[in-house]
Amino acid sequence: MSYKMNFAQHIRQIVKKGALVLLVLVPFACQDFLDISPQGDLTQASFPQSAADALLATNAAYSTLRNWSYHSGGYPILDIMSDDARKGSNPNDQLPTLGPFDTFTFNTTADGLDRWWAALYEGIKRANVVIEKVPEIAMDQAKIDLYVAEARFLRGLFYFDLVRAWGGVPLITSVTPPLRAQRANKADVYSLIEGDLSFAAGILPEKSEVATEDLGRATKGAAKALLARVYLFQGDFVKAESYALEVINSGQYDLEPDFNDAFGEAGEHGVESVFEIGARRNEGTNNGGNQYSNVQGIRGSPNRGWGFNRPSIDLMNSFENNDPRMDATIIFLGDVLGGVVTIGDGTTPDETRDANGNLIEMETYNQKVWTEGSNTITSWGHNRRIVRYADVLLMAAEALNENNKSAQALTYLNMVRARARGGNASILPDITVTDKNQLRELIIEERRHELAMEGHRFWDLVRTGKAPEVLGPLGFVAGKHELLPIPQTEVDLSEGTLGQNPEY
Amino acid sequence: MKHTLRLASVVLFIVMSMGSQATAVAQASVVKGKVTSQDDGEGLPGVSIQVEGTSRGTVTDFEGTYSLELQSGDNKLIYSFIGYKTVTVDVGSRSVIDLVMEPDIEQLEEIVVVGYGVQRKSDVTGAVASVRGADLTKIPAANPMQALQGKVAGVQVSSGSGQPGAAPVVRIRGVGTFNDSSPIYVVDGVILSDISFLNSSDIQSMEVLKDASATAIYGSRGANGVVIITTKQGKIGDEKTTFSVNTEYSVQKLSKKIDLLNGKEFATVVNDISPGSYNNVDAVPNTDWQDLIFDVAPIQNHQVSATGATKKTQYYVGLGYFNQQGIIDKSKYERLTLKLNNTYKFSDNVRLGNNITVAPYSQQVAPGVVYQVYRAQPVAVPRYDDGSFGVVPNVGNPLADLENSNNFNKGLRTVGNVFTDIKLFKDFTFRSSFGVDMAYNKNKSFTPAYTVYNADGTASQQQNLYSDLSKENRENFTWLWENTLTYNKEFGKHRVEGLAGFTSQKTTSEYLSIRGENILRDGQDFWYLRPSYIVDESNNINTLNSIANGVDAGQYYSMASVLFRVNYTYDERFLFTGTFRRDGSSKFTDSNKYASFPSLALGWNVINESFMQNITALTNLKVRASWGAIGNEKIRYNRQFSLVQNELNPVFGVEEALNPGASYGVTGNPDLKWETTYQTDLGLEFGLLNQRLTGELDYYRRETQDILVDLLTPGHLGNGQGQRVTYNAGSVLNSGFEFNLGWSDEIQGVKYRIGALGSTVHNEVLSVGGNSGVDSTLVGGYLGDGRPVTLSREGLPIGAFYGYQIVGVFQNQAELDAYPHDSQARPGDLIIRDVNGDGKISLADRTYMGSPIPTFIYGFNLEASYKGFDINVDFQGQMGNKIFNGKEVVRPDPYNFERHVINRWTGEGTSTTEPRASFGGINFAPSTRFIQDGSFLRFRNMTIGYTIPDAALERINMNQVRVYVRGTNLFTATKFTGYSPEFGSEDVLSSNIDRGAYPVSAIYSAGLNISF
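Going down the list, the protein sequences come from chains A and B. The first sequence maps to residues 1 to 504 in the numbering used here. The second sequence maps to residues 1 to 1012 in the numbering used here.
What the hints contain is simulated information worked out from the structure, not anything from laboratory work. Any given hint could be a false lead.
[To be verified] Covered stretches of chain A (chain B as the covering partner; in silico rule of three or more C-beta atoms under 8 Å from a C-beta of chain B):
hint	segment
1	51 to 61
2	108 to 118
3	163 to 175
4	182 to 188
The beta-carbon is built from N, C-alpha and C at its ideal position, and this holds for glycine as well.
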């Protein structure tokens, strides 16, 4: 190569050869080359954007109900904390984690509370996606209203668990919550719940208007029944009465003739069901199963689950003579269910006695989650009832009594007793007591027997102020155990933003 | 990116114009000529010719010819070329100067391949270790990295598995991150993360870049080290084609059995636990499952290659075949490698070339029977009298699992590039290289329906009710386009190399998997997932819903970078290197898309100082220091995105139908950025006694910051329990010393070389959670039952073992009553130390039990030759690390025991270390009882060869004929009770845990090398 060039030639040479270099650079000299979207995954920025998306988002909010942790962190601790049940399973299984709930010795790091907290807020996020994003979609307004109403029903349901378990909690109503959130006061949480549920009650269809393939979605009756419960917990008996009666008078519901069907498989989506969680007989949440009953199923033979939540001797003794609900609530060893004899677990004592020889525990199981089948997998198909009509009747009775309408209260109370009687006139006579205080006790007692092992008892005792007296011997400390401790991980992660509940 | 690119092109332009100005000066006379090499008489391209005392000069072309304008007063020319002795010539009145250059043997050996170029070893300011290609073929292994064990200071290579085709785990200078800590590989300029496709015989040299000065030119990918591999190429001037044939046959054998109980001993121990289990312990069966499962197995390794050059081309053509059967049935690896390296001289200024490897392979993967064999009771029989498989309680019969396993991988890897070198002007070379890495792998796995029956004819739990067939396809495609402009100039006492470049890359990965049950027929001919082949239980043709668990996923990402480097040498004494790379990546959002990685290094060749001239014992002395920032971008690419989660399906209706649902999933972190490692290196190189003794010492300190860690977030964000979001929150320190010493000499015809090398590693987690919340620990090392055994937190090494500290055995009730214990404990159980002193034994008493990372790794080797004989001996070892015997801990059921149970506590005073026998329970909580010393010294390799003398070969027209025998992994000194103390885990939070890995075997080989 010759380098005899003047400056101009030189420049031309550079341009000519340099062009090659530039050619190489040009094709990628753009921002786009480094912007790559995830493959096969929608980003949140692009969802939901159609009517079909809106339905997906609404359905997703319901799916939280089958999340194992939604059920008080996976284990029925509300029953275990009450006088209705003991930890269950064999003596050592989950002793360090569940045992403390039996004896009120749990602390801020108690197992499962973080799971429950997180599952409820996960449900709230999914509801908020619908509430915040679906109205922005160009689609049928009636559908928008319906989806938002379903989501607000669920959000109210989730916050109701939060406020009862922990009191004032962070109030998250947006899909972009702040990293640090203060606890709201309890009244604000309740007013959000009431707002959500009354909005839902105004828009949702009655159960009879829901297509059979959609049963399990929120209804007007479900929203009103929940409202009755929400007001009962706040001691607002006037509103509680009014919503309970609206449900009763809607004509949508009745009691199952057979008590077993009120919670059993035959009564799924039946006349008594106000709100229930649909589940399929498949192992795994993704396959449609719900582990709620598997956790409580018979341990050993027949192997139907882990055997937690054991009905207590106190519960057995509390039933009136020959109340058939006792046998329908409790599986005793030797019971034949679905043609199979209950033998139970080899590592669990059939009977446990204290130092004085008093029977303190028997190997028994919760029959209300029992599902006929041949293995543990079928137990995943149990549809947990969140609200059933008997509960509505008893809420009505309670509110009416408090509002000095004992005659009317007795009507509803005795409807529940009559069904329990099952045509046997010699048991469970009608109650005729009209003294407000006495009747209050009887109604709470009736709730215990009708709704035993369904997760109501602990909170019923707390809201009626009876917990210190009834649960004190078990370790309940007034002024402390009305609320659970905020999970320690949440307190730590909040870096001081979340305060702990009293006495923890 | 726009700005960066514009900057890049402007810089290129300026650099180009500056360098060219020297040529625009007026002319005087012209001198021409040709420079040839003394050893072959061929023209030497690329020789630098400089007018003494000026910056003017030229470079020879591909023929070795040149032409240079001289000005009045120019009287001396300096000819220099890497690997040849520099010559100064008086021009006088000559207009033609032809010159023969003499190779400088010493210098020839001292050329080092560095990122985007080569350098004289004496000019290198970074920590770079070179390995000759010949050293890589000394181990009969498919993966070339295997041969690096104990060969490079600071490099730890661990073979965790003897499964044929399993890749070793490579760590350079400790463990730099909680995430992918593996180095990158640069094969002929193509950047890769794995080199399992490379045949060691095709490799010319391997360079390990360890410090920031060397690796920062690779920017966001260099933080964990860079291994540069140059494959073979025909030598210019070597016009005769050289053919090589290498063939080797090996036999592998399990080198050590685990000392487990025999049938009688097992029965005796079981009787101790549950009396009366065996009435007559002398009459129980005695099955040695290890003998049944391990066998001797062959390896074949053959290569043929042809290499040479013509005036216009250089070529290397290689064909290799590797076939390894596993010592466990149903495992093997087979690979064919085709290698084509060519360079064409297109014109005087333009060269074109290609380096291409095509490697089809197939592999069969054994099921996890090693763990099963470890646990199988010796009193179980492999087969009943009728020939059917016997039931092995609790673990299943490993022979049945093996027989029913059919797990195959088949794939094709193609890696290569085409490139062009263009001489633009004097001193400037432009290079453009377009490379691809294409990897296709198909996995096919079929298990027939089968049942192992109890002796009474009832079905045992070991059964597969329905046959199942799964298929997985993976394809990865990467293209990489790299363009560099190099400026090389020597003037006076100055030598300058400048490099500027622009590169871009895109990777697409796709994955498809599908699975079906109850396949129509068991035969291989029916291993296709057609809906019509899938039958349901009642033998009715079913529809697509039996083909389940389909996954179809993709990951795409791209990078674009600019890079710069300046190397400057003054008077052969002072050295300076500065590098800068700016990377842009699609893995990060706009605010963090780009990052810069600079490095600076200084060197001083003390030996070239005048005051050193009288110290004749010293033949080399150099000190160097470097600092730089380097990145790690090997992270999950999609953690920046907030994605929608599918399959959130509720069940509605009387028919209980799943209704599809989808909603916001876990929040992403759009603020994510790269991990950055700041590395400082101080080095000393020396040569004594005419280079008979050589040495290199280094101190390094690597601090990695912004390590990506998945942290818990507050529940109210709605991410769900236990869901984590990735943050740049962790930091880790690695520091230590490295040495590499060699002594070579010849005594009475025996040439020998002794080498020793080693490195220390101090590994310490500086922070896990940063300031982002409570999560200041990372738990890992999960055992089969979910119990974790490692904890990475501030002040401990990465993946530190964590568990109970055992301080003895409770000898009696009084001792038990006197010390905190588990409620189930009784005399004969282990005493767990009440570490926190709260008077009870709880999870809070777990404590640090040791590090999985060795504090010292070393190797030493000897090479010697005498007449036709040669011998090579390699040792390799490590110290200071622990192994967790994870396979022993998980025991919910009665399994076989390791022999130490024989010495168990059976009453007061019988043992203070071995507790009473039990099938499980508190004595099997993860504790120091299961911690073993991970130190070992391994006799890695010994080769003895004989080369037939030249005189005999000339008659048969051969260059070389050599035969050899070799032993690999011949002996290992270790206290570890398992098969091999070497563990490789890509998951740094779970390393050195023995879960029953496929053992590494001892290998005995014989081979033949021929070239003609």
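Can you give the numbers of the hints that this structure goes against, from lowest to highest? Hint check: 4 fails alone, others pass.
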